[in-house]
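Visitor: Sequence:
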Amino acid sequence: MRTHHTITLLAAGLLALTGCSEAVTSEPKPDDKVAASPSASQSSLAPDALSSAAAAAGIPPSPAPEQRAIYLAVLNKIDPEIINGKDDKAISRGLSQCQSMKDEKDPTKRVESTNRRFISPDHPDGFGPTKAAFILAAVQTNLCPSY
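Residue numbers (our numbering): 1 to 147.
What the hints contain is simulated information worked out from the structure, not anything from laboratory work. All values derive from a computational prediction rather than experimental measurement. It is possible that some hints are incorrect.
As the list claims (entries may be wrong) - For each label pair, taking beta carbons as the anchor points, the in silico distance ranges come out as:
(1) D125 with E66: 16 to 24 Å
(2) P145 with T108: 18 to 26 Å
(3) E66 with E112: 25 to 33 Å
(4) D88 with P145: 28 to 36 Å
(5) A64 with K89: 17 to 25 Å
(6) I70 with K102: 29 to 37 Å
(7) P145 with K109: 27 to 35 Å
(8) D103 with A137: 17 to 25 Å
(9) A64 with T108: 25 to 33 Å
(10) K89 with G128: 14 to 22 Å
(11) K102 with D122: 26 to 34 Å
C-beta atoms are modelled at their ideal positions from N, C-alpha and C, and glycine is treated no differently.
Generate the whole structure from the sequences, applying the supplied hints.
Guide: Okay, here's the thing in C-alpha cells:
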C-alpha cells in the first residue's frame, strides 16, 4: 500500500512541476526563438523521471505481460488463495516486497516480511514460513532478480 502512495505522490509532484513549467513557457515572447512545442519535450521527461524516482526508492518497474503471467502462475501453484482472484493486488504486494528487500539482506527477515505482506481472508496472519519462502522466491525471481 505504501508503494502506491509513494508512486502517486511522486507522479503528482512531477505533474505539478511539469504544469508549472508549461505555464511559464507556453506563451513565448515575440522576440524569443523557442521551439514550437516546448511542453511536448517536457511532458516526455515525466515518465522517465517517475521511473527514476521509483527505481531510487527501490520499486522495480511493473512486470511485462509475459513475466506477470509467469509470476501469477507460480503464486497459484504455491496456493491459489495467495492471489484469491486479485491479480493486481498480488503484483502490488510483490513490488512492495521488492522495495523492502532492497535494504533487508537477512533471509529470515525477508521471509517474515513476506509472510506479513501476503495475506488472504483465510490467512490473515500469512501463509506460514514455508509458503512465505516460496512466495519470496517467486517475487525475487520474477519481479526483482537483482535484489
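Visitor: Against the range 17 to 25 Å, how does the distance between the Cβ atoms of D103 and A137 compare: consistent or not?
Guide: holds (19 Å)
Visitor: If I claimed the Cβ atoms of P145 and T108 lie 18 to 26 Å apart, would that claim hold in this structure?
Guide: Given range 18 to 26 Å: holds, Cβ gap about 20 Å.
Visitor: Is the gap between the beta carbons of D88 and P145 within 28 to 36 Å?
Guide: The hinted range 28 to 36 Å is violated for D88 and P145, with Cβ atoms some 21 Å apart.
Visitor: Could one say that the CB atoms of K102 and D122 fall in the range 26 to 34 Å?
Guide: Holds, since K102 and D122 (Cβ atoms, about 30 Å apart) stay within the stated range.
Visitor: Do A64 and K89 keep their Cβ atoms within the hinted range of 17 to 25 Å?
Guide: About 19 Å separates the Cβ atoms of A64 and K89, which means 17 to 25 Å holds.
Visitor: Using the Cβ atoms, figure out if I70 sits within 29 to 37 Å of K102.
Guide: Because 22 Å falls outside the window, the suggested range is violated.
Visitor: That 16 to 24 Å hint for D125 and E66 (C-beta), does it hold up?
Guide: violated (33 Å)
Visitor: Could you tell me whether the CB distance from P145 to K109 stays inside 27 to 35 Å?
Guide: violated (19 Å)
Visitor: Do the Cβ positions of A64 and T108 conform to the proposed distance bound of 25 to 33 Å?
Guide: 31 Å Cβ-Cβ, so the 25 to 33 Å window holds.
Visitor: Note whether the CB distance of E66 and E112 lies within 25 to 33 Å or breaks it.
Guide: holds (30 Å)
Visitor: Can you tell me whether the CB distance of K89 to G128 sits inside 14 to 22 Å?
Guide: For G128 against K89, whose Cβ atoms are near 20 Å apart, the range 14 to 22 Å holds.
Hints 1, 4, 6 and 7, counting from the list given before, are not met by this structure.
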